[in-house]
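Undergrad: As you go down the protein sequences, you meet chains A and B in turn. Heads up, the first sequence is in UniProt numbering, so the first residue is 1 and it goes up one at a time. Heads up, the second sequence is in UniProt numbering, so the first residue is 1 and it goes up one at a time.
In case anyone wonders, no lab produced these hints; they're calculated from the structure. Every residue, glycine too, gets a C-beta built ideally from N, C-alpha and C. Where hints are given, some of them may not hold.
[Stated by the list, open to error] Short, incomplete list of chain B residues facing chain A, as computed with Cβ under 8 Å: (1) A69; (2) Q70; (3) H78; (4) D82; (5) K105; (6) R106; (7) A161; (8) G165.
[Said to hold, decoys possible] No farther apart than 30 Å at their CA atoms in a straight line, the calculated lysine-lysine pairs in the DSSO-like style are these: (9) A:K183 / B:K164; (10) B:K117 / A:K314; (11) B:K68 / A:K190; (12) A:K301 / B:K68.
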Amino acid sequence: MSEQKLTGAQIIIKALKDQGVDTIFGYPGGAVLPIYDALFQQNDLRHILVRHEQAAVHAAEGYARSTGKVGCVLVTSGPGATNAVTGLLDALCDSIPIVCLSGQVPTHLIGNDAFQEADTTGITRPCTKHNYLVKDVNNLARTLHEAFYVARSGRPGPVLIDVPKDVQFADGIYVPPTEVKHKTYRPQVKPEIARVEEAIELIANAKRPVFYTGGGVINAGPFAAKLLTQFVKATGFPITSTLMGLGAFPASDGQWLGMLGMHGTYEANLAMYNCDVMINIGARFDDRVTGKLSEFAPFSKKIHVDIDPSSINKTVEVDIPIVGDCGAVLEDMLRIWKARAKRPDQAALKEWWGQIDGWRARNCLNYNRTESVIKPQYALERLRDALRGKDHYVTTEVGQHQMWAAQFLPFDQPNRWMTSGGLGTMGYGLPAAIGAQIAHPDAIVVDVSGEASFLMNMQEIGTAVQYRAPVKIFILNNQYMGMVRQWQELLHGSRFSQSYSEALPDFVKLAEAWGCVGLRATTVAEVDEVIEKMLAVTDRPCIVDIAVDPKENCFPMIPGGKAHNEILFGPDDSPSSATPEDGMVLV
Amino acid sequence: MDESKIEKHTIAVLVDNEPGVLARVIGLFSGRGYNIESLTVAEVNNADHLSRITLVTSGTRMVIEQIKAQLDRLVPIHRVHDLTDEGPSVERELALVKVAGTGEKRIEALRLADIFKATVLDATLTSFVFELTGSTAQVDDFVGLMSQLGLVEASRTGVVAMSKGPSGF
Chain A
1 MSEQKLTGAQ IIIKALKDQG VDTIFGYPGG AVLPIYDALF QQNDLRHILV
51 RHEQAAVHAA EGYARSTGKV GCVLVTSGPG ATNAVTGLLD ALCDSIPIVC
101 LSGQVPTHLI GNDAFQEADT TGITRPCTKH NYLVKDVNNL ARTLHEAFYV
151 ARSGRPGPVL IDVPKDVQFA DGIYVPPTEV KHKTYRPQVK PEIARVEEAI
201 ELIANAKRPV FYTGGGVINA GPFAAKLLTQ FVKATGFPIT STLMGLGAFP
251 ASDGQWLGML GMHGTYEANL AMYNCDVMIN IGARFDDRVT GKLSEFAPFS
301 KKIHVDIDPS SINKTVEVDI PIVGDCGAVL EDMLRIWKAR AKRPDQAALK
351 EWWGQIDGWR ARNCLNYNRT ESVIKPQYAL ERLRDALRGK DHYVTTEVGQ
401 HQMWAAQFLP FDQPNRWMTS GGLGTMGYGL PAAIGAQIAH PDAIVVDVSG
451 EASFLMNMQE IGTAVQYRAP VKIFILNNQY MGMVRQWQEL LHGSRFSQSY
501 SEALPDFVKL AEAWGCVGLR ATTVAEVDEV IEKMLAVTDR PCIVDIAVDP
551 KENCFPMIPG GKAHNEILFG PDDSPSSATP EDGMVLV
Chain B
1 MDESKIEKHT IAVLVDNEPG VLARVIGLFS GRGYNIESLT VAEVNNADHL
51 SRITLVTSGT RMVIEQIKAQ LDRLVPIHRV HDLTDEGPSV ERELALVKVA
101 GTGEKRIEAL RLADIFKATV LDATLTSFVF ELTGSTAQVD DFVGLMSQLG
151 LVEASRTGVV AMSKGPSGF
């Protein structure tokens with residue numbers, strides 16, 4: 001079997017199948033025609049034709065994040081590959097496992113500025129975890145298997161394989177995945193037990209502890225989320241999470257403080273500021289989370305669990321670094337915790353929870369409830385209630401609506417929430433929703449969107465229609481690039497430079513033009529009705545245009561360069577005095 | 001320990017000798033804003049296609065640790081050793097130095113070359129090409145002296161380094 005001669009294109013298809021791939025997102029072109037020909041002659045691998053290569057990667061991300069599998073992409077050379085770059089970097093920033101195949105001009109033309117030639121490995125080198133140019137067909141199968149291994153191992157990420165057209169035609173030998181072992185790449189999965197024991201002692205003696213968890217728990221799999229929940233319940237400690245980590249711990253639980261960071265809750269950020277022991281599991285001290293570094297959790301001892309050693313002590317120095325997979329570390333933590341019959345200081349914990357409840361009572365997500373205009377928060381609250389108890393997935397675009405979705409939509413399970421965290425890619429949500437819907441055809445998939453983000457990849461409606469993916473595009477239409485407008489209001493003297501969404505289409509007619517269902521709500525009374533109608537559509541995409549208050553801003557907010565205890569609650573807080581010059585230069 | 005103190009470190013990296021590997025290393029430094037004071041690379045194991053990169057960099061302790069962690073997570077990298085941290089090591093670089101001139105300056109150049117144990121690779125009636133092997137400081141000194149004696153150009157390899165004692169990489 002392993003001596004069988006196949007063409008390069010056939011080798012690719014066989015390798016994908018052997019890696020368990022059932023769906024590939026792509027767009028054909030001259031340099032990948034042999035692969036498309038091989039795809040045509042088989043029925044195991046399903047190809048989803050997107051309308052733009054960026055969307056192919058985002059759709060594969062949505063597929064990967066909602067299933068825990070590696071997402072797979074196929075694009076042509078030149079513009080096909082360069083269009084995919086944003087998606088690849090998005091996957092790198094959010095640690096999403098992707099294998100992207102790109103066509104390349106024939107080997108003998110490389111370097112000649114041939115038609116649709118690009119230095120794809122050069123361009124994508126800083127945008128991928130690793131990449132390959134395969135010049136010999138006999139290395140193709142091995143490289144593909146290696147790529148899947150690299151993409152999903154350690155800290156996951158995107159891997160690109162550039163395949164010249166002549167290599168796709170050439171006959172070569174196939175090797176199965178079992179015969180491929182990587183020479184150098186062996187990430188540390190199991191933690192050093194001594195470090196875990198140290199951490200357990202610190203945790204057991206904490207007076208004001210907080211769990212701060214991130215996407216690493218989600219990436220470690222549903223088992224890790226289960227272990228996290230058990231460990232947090234066993235300790236009785238409060239827990240907050242990053243944007244990427246939502247769903248790893250059930251939001252419906254009393255120990256959940258909500259998301260932390262720039263638009264996180266008051267209680268989460270103040271718990272971080274005042275804690276004496278911080279237990280970071282799978283988060284990376286991102287600048288959106290830490291705010292002003294010199295005043296980040298100034299009274300705390302810090303434990304940091306991360307599978308990527310380069311994440312440790314990158315921006316924040318920690319006391320107990322633990323390198324390992326979040327699931328493996330949590331397993332050891334829970335085991336040692338139980339074996340040593342640890343019980344934290346109940347009196348101190350009670351006092352700590354008393355303090356936290358005081359912050360909670362501030363009700364920081366409160367907004368001005370009015371009948372005269374639809375508040376975006378209200379629309380999301382109604383969506384939340386309508387989705388409760390239903391099998392659903394949520395993606396978002398980037399901006400105010402994304403932060404509101406993170407604040408107002410609760411997730412009790414991992415892999416249900418997909419948003420572009422690290423790169424902040426507008427246009428992510430719709431293709432990601434399509435990817436998630438392809439993976440879960442019977443579930444409800446909602447893309448919480450803004451009108452500006454939606455326009456960035458709206459061509460993908462065509463993809464959703466073609467594959468009867470009944471995604472729900474829930475547009476909170478405030479006629480502005482809302483987050484840009486908010487920053488201009490707070491930091492640039494309300495000079496709304498280029499942030500108004502001029503010349504918007506009629507989204508209902510747009511939906512109808514594509515054969516989708518289009519709905520609109522302009523009054524508070526219409527919101528529930530529109531959501532109900534939206535959820536009833538199961539055979540085609542549905543675009544919902546919610547006309548929300550154009551002036552609403554997203555609070556709470558920690559302005560750039562400020563500490564966790566310098567949070568703004570709303571328009572009544574004076575932003576001018578609260579934002580120093582150095583905050584203005586931060587992003 | 002002073003956290004803001006800038007330290008100079010010599011780091012040795014064993015990599016697969018494959019296309020793009022040097023670009024990955026250099027791209028990491030330029031992309032993340034780290035310094036490269038010198039970098040040398042050549043294949044050291046032909047059978048296994050392994051190359052050894054020696055690089056000299058500077059930064060705070062936190063940055064140096066970050067550089068090593070970032071290097072270590074590049075996929076085609078086998079091992080990263082901080083020779084500055086891991087005990088005594090020897091460091092050398094090689095320089096070719098061209099000096100042109102006549103009369104007293106020419107004689108002085110030759111005399112200094114002798115003191116520095118530089119060898120003459122090429123001589124004409126009006127020029128020399130010297131080869132000098134030594135520490136970075138020695139090469140600096142030699143090039144500095146030659147600049148007053150008709151230095152035309154200098155070409156330096158950058159540092160190669162190795163730990164002292166019996167244990168290997």
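Undergrad: With reference to the structure, classify each hint as holding or not holding.
TA: Do the hints match the structure? See the list:
1. Taken as an interface hint, A69 (chain B) checks out: its beta carbon lies about 4 Å from the nearest beta carbon of chain A, inside 8 Å.
2. The beta carbon of Q70 (chain B) is positioned within 8 Å of a beta carbon in chain A (closest approach about 5 Å), and the interface hint is therefore held.
3. For the restraint placing H78 (chain B) at the interface with chain A, the shortest Cβ-Cβ distance is roughly 5 Å, inside the 8 Å limit, so the hint holds.
4. At about 14 Å, the closest approach between the beta carbon of D82 (chain B) and any beta carbon in chain A exceeds 8 Å, and the interface hint on this residue is violated.
5. The criterion of a C-beta within 8 Å of any C-beta in chain A is not met by K105 (chain B), whose closest approach is roughly 47 Å, and the hint is violated.
6. Hint status for R106 (chain B) relative to chain A: violated, with the closest Cβ pair at about 46 Å, above 8 Å.
7. Interface restraint check: A161 (chain B) against chain A, minimum CB-CB distance 22 Å, threshold 8 Å, status violated.
8. Checking G165 (chain B) against chain A: minimum C-beta separation of about 26 Å lies over 8 Å; hint violated.
9. For the suggested pair K183 (chain A) and K164 (chain B), the alpha carbons sit about 28 Å apart, so the restraint of at most 30 Å is met.
10. For the hint pairing K117 (chain B) with K314 (chain A), the CA-to-CA distance comes to about 45 Å; that exceeds 30 Å, so the pair is violated.
11. Proximity of K68 (chain B) to K190 (chain A) is assessed by CA-CA distance (about 21 Å); at most 30 Å being required, the pair is judged to hold.
12. Proximity of K301 (chain A) to K68 (chain B) is assessed by CA-CA distance (about 25 Å); at most 30 Å being required, the pair is judged to hold.
Hint violations for this structure: numbers 4, 5, 6, 7, 8, 10, all remaining hints satisfied.
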